[in-house]
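Participant: Chains A and B are the protein sequences, given in the same order. Numbers 1 to 299, taken from UniProt numbering, label the letters of the first sequence in order. Numbers 1 to 286, taken from UniProt numbering, label the letters of the second sequence in order.
Note that these hints are calculated values from the structure, not bench results. A couple of the hints might just be wrong.
[Stated by the list, open to error] Result set (EDC-like, lysine to aspartate or glutamate): computed pairs, CA atoms no more than 16 Å apart in a straight line:
1. B:Lys131 / A:Asp215
2. A:Lys10 / B:Glu85
3. A:Lys169 / A:Asp106
4. A:Lys102 / A:Glu49
5. A:Lys135 / A:Glu46
6. A:Lys70 / A:Glu224
[As the list claims (entries may be wrong)] A few chain A residues facing chain B, derived, Cβ under 10 Å:
7. Thr58
8. Tyr62
9. Met66
10. Arg263
Here a beta-carbon is modelled for each residue, glycine too, at the ideal position from N, C-alpha and C.
The residues making up each chain are set out below.
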Amino acid sequence: MTIRTSLSRKIFLVCNTVFLLVVAFACIAPFINLLAVSFSDKVAVEAGEVTFFPVGFTTVSYEFIMNTSKFVVSLLVSLQRAAIGVPLNLLLIILTAYPLSKSTADFRARSIFSWFFVVTILFNAGLIPTYMVVKTTGLIDSIWSLVLPGALPVFSMLVVMNYMRSLPKELLEAAYVDGAGHVQTLIRVVLPVSLPTIATVALFSVVEHWNSWFDGMIYMNRIENYPLQTYLQTVVVNPQEFMRNNTDLSGNLSKYLSMVSARTTGAAQMFLAMIPILCIYPYLQKYFTTGLVMGSVKE
Amino acid sequence: MLIPAVVLVTIFSYGSMAGVVIAFQKFVPAKGMFGHQQWVGFQNFHTLFSMPNIGAVIRNTVIIAVSKMIAGIIVPVAFALLLNEVRNVFTKRFFQTLVYLPHFLSWVILSGILINLLSPSAGFVNILLTKLGIEPVYFLGDPDVFPVTMVITDIWKAFGFGSVIYLASLTGINPALYEAAVIDGANRWKQTLHITLPGISSMIVLMTVLGLANILNGGFDQIYNMYSPVVYSTGDILDTFVFRLGIEQAQYSLSTAAGLFKSGVSMIFIIISYLLADKFTGYRVF
């Protein structure tokens, strides 16, 4: 059966496509502008001449960042944070979701533990008490202050738990009949079939760790310990301070300072910080619809 | 298997929950979190609610959050409907991929970009406005415009991702319904009105109800990175207020009291919204 295409329908389709193009453009134009600014000459940027193509192409901003600023140091902190944080998140999600996916008949304390975790979503203690706990545990200025407080992302755990619960009972019973214990069932049966959902929460965990900045700001006293986003935040909010601090730190700066400005170096740093997200976000769409929507909304 | 998670959650979540007692103390940090502090009952709350700007802060929080919530439902639904009219799968995927990019970037990066774009002197948006003969707008510096800027930029960040959910539920509508409607003589607009919208209405209700929980979340990351003392009168929300009070002015007890007030109200809204979600759409967390 074909839908008859009338003239008004054609006009609508053309307008619609044009409109969607404009909207889509509005979503990515700022990033193209950012890229152009980062490769442009300082004078052209200050004069507001740069739109979507670099004016007076130069890579001096990137050289400045690589040679003089703490950008690389904070990049390493962020990488370290993701390398510890993401596997830790996944391990705890799996270890928690599997027992909680059992029925109440198999695991009697199930609902007690479920509520134990869900309450932490419902009630948030707030800034100061959380800070005091991290301080009391002696984690200030340590990378662990960035990964331990959020080690179990409860929402992701619920998604995985709901998915595991939707698995056919026969699958688990077959494993049990074959003599597999819980650990074996989890590793050999449940995990392989749960991979799409786990991949979803893994991607979310990566994004979360990469984008966090606030905890870095309050738990880290020294700028060398700042993860990338926290470092960028200080640059964004207070670029003059950043330029001044940098002049104090290193000797070979004078040759750059005439060529770069806070705006061009800021743009270059923000663009570099975006790269990991740009690499993984095309995958997020695919997993999001299948993994998260299926896992969170019960039929 | 549960032990590691239970231990960590006990320390960091329940430990800090126990820490809300600070709100009822005259807290002296040197004595330690569970040290011998002086209890003052509800005095901190009393002080808090007699502060001159607390009314404005609560009002700003609710205005910004509610505006974001309403726009955050209308825009993604409208976008999903328009995108659904595109039949070509490749084009559809192309648009979808572009519009949800901002969602995955942090407010630190986005505000850095936006501050440059919206700058009244050399910002791209204002240069464009000037060329069109419009006066430059102080998007981030004018107290009247600031909340609007916050709502628009928040939608700009989130609508693409929000529309993914609606697109997924649009594909779940039975095509036979459309065929029947065409036979009955319904045009595209009538089909949208009578089939498509009712088809995704349960998802719209669900998202609305779950959004209720955020009634006191104006968006700390976004506002903290873009505001300035000039716009405190309309842009200061509970979270930014708590932060300034607690970290910058070291008023630990007052700040905790404000945070506790916010958490308490939020918790009530979360519970109400889950009850409503269960009642209207059968949604349960587990």
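Participant: Any hints this thing doesn't respect? Which numbers, in order?
Facilitator: Hints 1, 4, 5, 7, 8, 9 are the ones this structure does not satisfy, whereas the remaining hints hold.
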